[in-house]
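Engineer: Based on the hints, put chain B in the right spot on chain A.
Protein sequence lines, in the order shown, are assigned to chains A and B.
Just so we're aligned: the first sequence equals residues 109 to 285 in the working numbering.
Just so we're aligned: the second sequence equals residues 1436 to 1563 in the working numbering.
Heads up, a few of these hints could be off.
Residues of chain B clear of chain A, computed beta-carbon distances all greater than 10 Å [claimed, not checked]: (1) D1464; (2) V1472; (3) L1473; (4) I1492; (5) G1495; (6) R1539; (7) A1559.
Computed cross-link-like contacts, DSBU-like style, restricted to lysine-lysine with a CA-CA straight-line distance of at most 30 Å [claimed, not checked]: (8) K162/A / K140/A; (9) K162/A / K184/A; (10) K167/A / K212/A; (11) K212/A / K184/A; (12) K167/A / K1563/B; (13) K167/A / K184/A; (14) K229/A / K139/A; (15) K262/A / K1561/B; (16) K212/A / K262/A; (17) K1563/B / K156/A; (18) K1563/B / K162/A; (19) K140/A / K229/A.
The hints are simulated quantities; they were obtained by calculation from the structure and are not laboratory data.
All figures in this text were calculated on a predicted structure; none of them were measured in a lab.
Where is the CB? At the ideal position from N, CA and C, for every residue including glycine.
Each chain, written out:
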Amino acid sequence: MMILVIGGSGSGKSSYAEGLAVSLAESGNIKKYYLATMQVCDAEGRQKVERHRKLRSGKGFFTIEQPTEIHHSLEKMEQGERVVLLECISNLTANEMFSEGETKPEMQVVENVIRGIESLKRQVTHFIVVSNNVFEDGVIYDATTREYIHAIGKINQRLAALADQVVEVVVGIPVVI
Amino acid sequence: MKLVIGGNAQGKLNYVLSKYHLQEEMVWDGVLPDHTVLQQRETMIMNHFHLWIRNCISNGGCPEDEILSLLDCHDNLIIISDEIGNGIVPLEPFEREYRERVGRILVRLAERAEEVERVICGIAQKIK
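Chain A extracted, bound-state conformation (with noise of 0.2 Å):
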């Protein structure tokens, strides 16, 4: 089963989709995968994925660092049944576009990222993904941040139609869409 769970920041999106990860597991002796995305590199990054590791601790899951190029994390994984949290799409999306000093255009970028996500898929008991809702701030932004904001788009409407699930975390509550 795959679920795409999205929210804003700070909606509370991660820690539900922990919670659903670990009850997935629960049926049997299945591992429990978190595939962190993050590429930190100043104090508020370091931050940022303290609060998640505290987060996550004691639920048991095996931590798998995979900024970019997602479905090498399969490599990392233990044959058998296996639940994996994806977080996050915003931050997957921006490391395969903006990475060694170039930006590679939106639908290489989207193709990339969907690629990696569907082998997941295939060979993985139960998947979560991630991702976050980056449309509704009114800003414009300059032409690169909208090619971001436009790829995580395309992509999220991918994942949606992958998914068996879409669920939305508002202030802390989950809403099926």
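Structural biologist: Using the frame of chain A, we list chain B on its own:
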């Protein structure tokens, strides 16, 4: 306590006023309602809750402690807040902090609220 959230300009206040048959004089706009007034009235509305959080942080206060201790004494409050987290991560550190704290405070208020409604185009969806 009831929580009403939604985007900017979605008709949240009008919705609350008409649903509960309340007058504008019951509205505290961007400020915490007064203890003594809350003791006398059945229900008060706190509008633009997100702006109160913003001012509170700017003035070095702790909005989490202030609102939770108010709610410990008075539960007869309808809190209206914009949802501000659905956008690109702001460049300014203060804006990032403000956005994240509003989100997390709303999650905590939603946990203790007896009812949570989300207003879009003037229409309320009850999500709790």
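Engineer: Run every hint past the structure and note whether it holds.
Structural biologist: Each hint, compared with the structure:
1. D1464: The claim stands: D1464/B keeps its Cβ more than 10 Å from every Cβ of chain A (closest is about 21 Å).
2. V1472: V1472/B clear of chain A: closest Cβ-Cβ about 26 Å, beyond 10 Å.
3. L1473: holds (23 Å)
4. I1492: Holds, because the least Cβ-Cβ distance between I1492/B and chain A comes to about 13 Å, which exceeds 10 Å.
5. G1495: Non-interface label stands for G1495/B: nearest chain A Cβ at 19 Å, farther than 10 Å.
6. R1539: violated (5 Å)
7. A1559: Holds, since 13 Å exceeds 10 Å.
8. K162/A / K140/A: Roughly 16 Å between the alpha carbons, so the hint for K162/A and K140/A holds.
9. K162/A / K184/A: holds (23 Å)
10. K167/A / K212/A: Roughly 36 Å separates the two Cα atoms, so the pair is violated.
11. K212/A / K184/A: Between K212/A and K184/A the Cα gap is close to 27 Å, so the pair holds against 30 Å.
12. K167/A / K1563/B: holds (26 Å)
13. K167/A / K184/A: With Cα atoms ~19 Å apart, K167/A and K184/A stay inside 30 Å; holds.
14. K229/A / K139/A: holds (15 Å)
15. K262/A / K1561/B: holds (29 Å)
16. K212/A / K262/A: With a Cα-Cα distance of about 15 Å, the restraint between K212/A and K262/A holds, given a limit of 30 Å.
17. K1563/B / K156/A: holds (29 Å)
18. K1563/B / K162/A: holds (27 Å)
19. K140/A / K229/A: Distance ~14 Å between K140/A and K229/A Cα, so the pair holds.
Hint compliance for this structure: hints 6 and 10 are not met, and every other hint is.
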